[in-house]
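For the sequence shown, this note's numbering begins at 1 and goes up steadily by one.
Accuracy of the hints is not assured; some may be wrong.
Capping the alpha-carbon separation at 30 Å, the derived lysine-lysine pairs in DSSO-like fashion look like this [to be verified]:
1) K226 x K294
2) K300 x K367
3) K300 x K368
4) K117 x K35
5) K250 x K130
6) K35 x K330
7) K157 x K368
8) K367 x K157
9) K226 x K73
10) K226 x K292
11) K367 x K83
Per label pair, the in silico range of CB-to-CB distance [claimed, not checked]:
12) I214 x I291: 22 to 32 Å
13) G44 x S222: 43 to 53 Å
14) E79 x I134: 30 to 40 Å
Calculated from the structure, these hints are not laboratory results.
Glycine included, C-beta positions come from ideal geometry on N, C-alpha and C.
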Amino acid sequence: MNFFKKIGQTQLFKISSLNSLSILIKMGIALITSKMIAVFVGPGGMAYIGNFRNFMTSLEGISTLAFSSGVVKYVGENEDKEKELTKIITTVLVTFLVFSTVLGFLIFVFSDFLCAKFFGNNLQYEIVFKVVAIVLPFSVVSVLFVSIINGLGSYSKLIYATIISNIVALVLTVLLIYEFKLVGALLSIALNPTILFTINFFYVPKELQLLSRINLKQYDFSVLKKLAGFSIMILPSFLLNPYVILEIRKFLIINVGLYEAGFWEAMSRVSNLYLMFVSTLVSLYFYPKLIKAKNEFETKQVFLNFYKSILPLFIACSIGIYFLRFWILKVLFSSEFLPVSDLFLWQIIGDFFRICGMILGFQFLAKKIILHYILFEFFSNLFLYFFSIYCIQLIGIQGVLMAQAAEYFLYFLVLVFYFRKIIF
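Turn these sequences into a full structure, and let the hints steer you where they fit.
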């Protein structure tokens, strides 16, 4: 008892009450949307939603050239240098707008091809890709807004904007799903970034005087060169992992069934919900500490702090989640999704090793270890794909969860070996 009390008194759990509120609201919204999808769309539609989310994840990385982390870093470093700040904002904004407009045009023209790729012969979903194409420039500018606010440290503004946009998005999502079922659910995913742009539009100009910092004469290719390092490092993950997951889901649909693919997507949604707190803590608390760590000893202390504080809490929570899995499925989805209960054990095992490796993986980003990071990501996704196909053929849908657990376990072992001089 004293152990958990001691953890609760650390700075780790006092980061920001406002951020905690934002996470709780986001989780509440996820609960409501999951229920709506379960009732109005069903397991089959859930699988298609998973496909579309994979597309949107890759699109965000491509359309922003994976510059987001770099923008946060360089805006923060040049906060007091007006000229440099103008160069960064102008260069990135113009690049984003030009590239996203061209990309949006291509998506609009080839919307029928994309629809066939992600939804088979269901061409009634082509309209969703056309909507994505039209709103894409607004979406990438929204990403830029968030990166600028984050870089300048205006966290309260960013969190308030996120909370408001999430609430507005919830209302829109409920209306669209109720009226248009699966098409509505897909449209809500496509429109969510635009809602964030609209909300941020009322925050950013007043707070940061963004318009006054845009000067086309200050467009500087050297800024793009600096950001290219982040792009090379992060873009492969944006492209490779969603594509691998998409191909596994398509194989699952063909060889096992559409409903089973929907069950896997439902399990992933549950996992994302309870991992939300961990990923947020790593991003806000541990990642900055890894960046600031000046030597191996300080880095090791960050690792140890993570394992001592996060893992015991996760183990305790995961035990509760496992025994409450039937109740969770009924609340989140419907009785139609009860077969998902058979997937919880392997999902939790996989998530345990995923969390164990998460803090080690962030060390690559903190110290910009580019080549090895890309190689590890490539081979881990390659293993996930082929082992998933093999396991699906052997035991069906549970094979996907077993393959994911095996991937996270092996990835963790590789990272422990790679950083052994720091850890041991």
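Hints and how they fare:
{"no.": "1", "hint": "K226 x K294", "verdict": "22 Å, holds"}
{"no.": "2", "hint": "K300 x K367", "verdict": "14 Å, holds"}
{"no.": "3", "hint": "K300 x K368", "verdict": "17 Å, holds"}
{"no.": "4", "hint": "K117 x K35", "verdict": "27 Å, holds"}
{"no.": "5", "hint": "K250 x K130", "verdict": "23 Å, holds"}
{"no.": "6", "hint": "K35 x K330", "verdict": "9 Å, holds"}
{"no.": "7", "hint": "K157 x K368", "verdict": "29 Å, holds"}
{"no.": "8", "hint": "K367 x K157", "verdict": "28 Å, holds"}
{"no.": "9", "hint": "K226 x K73", "verdict": "11 Å, holds"}
{"no.": "10", "hint": "K226 x K292", "verdict": "20 Å, holds"}
{"no.": "11", "hint": "K367 x K83", "verdict": "27 Å, holds"}
{"no.": "12", "hint": "I214 x I291: 22 to 32 Å", "verdict": "29 Å, holds"}
{"no.": "13", "hint": "G44 x S222: 43 to 53 Å", "verdict": "50 Å, holds"}
{"no.": "14", "hint": "E79 x I134: 30 to 40 Å", "verdict": "34 Å, holds"}
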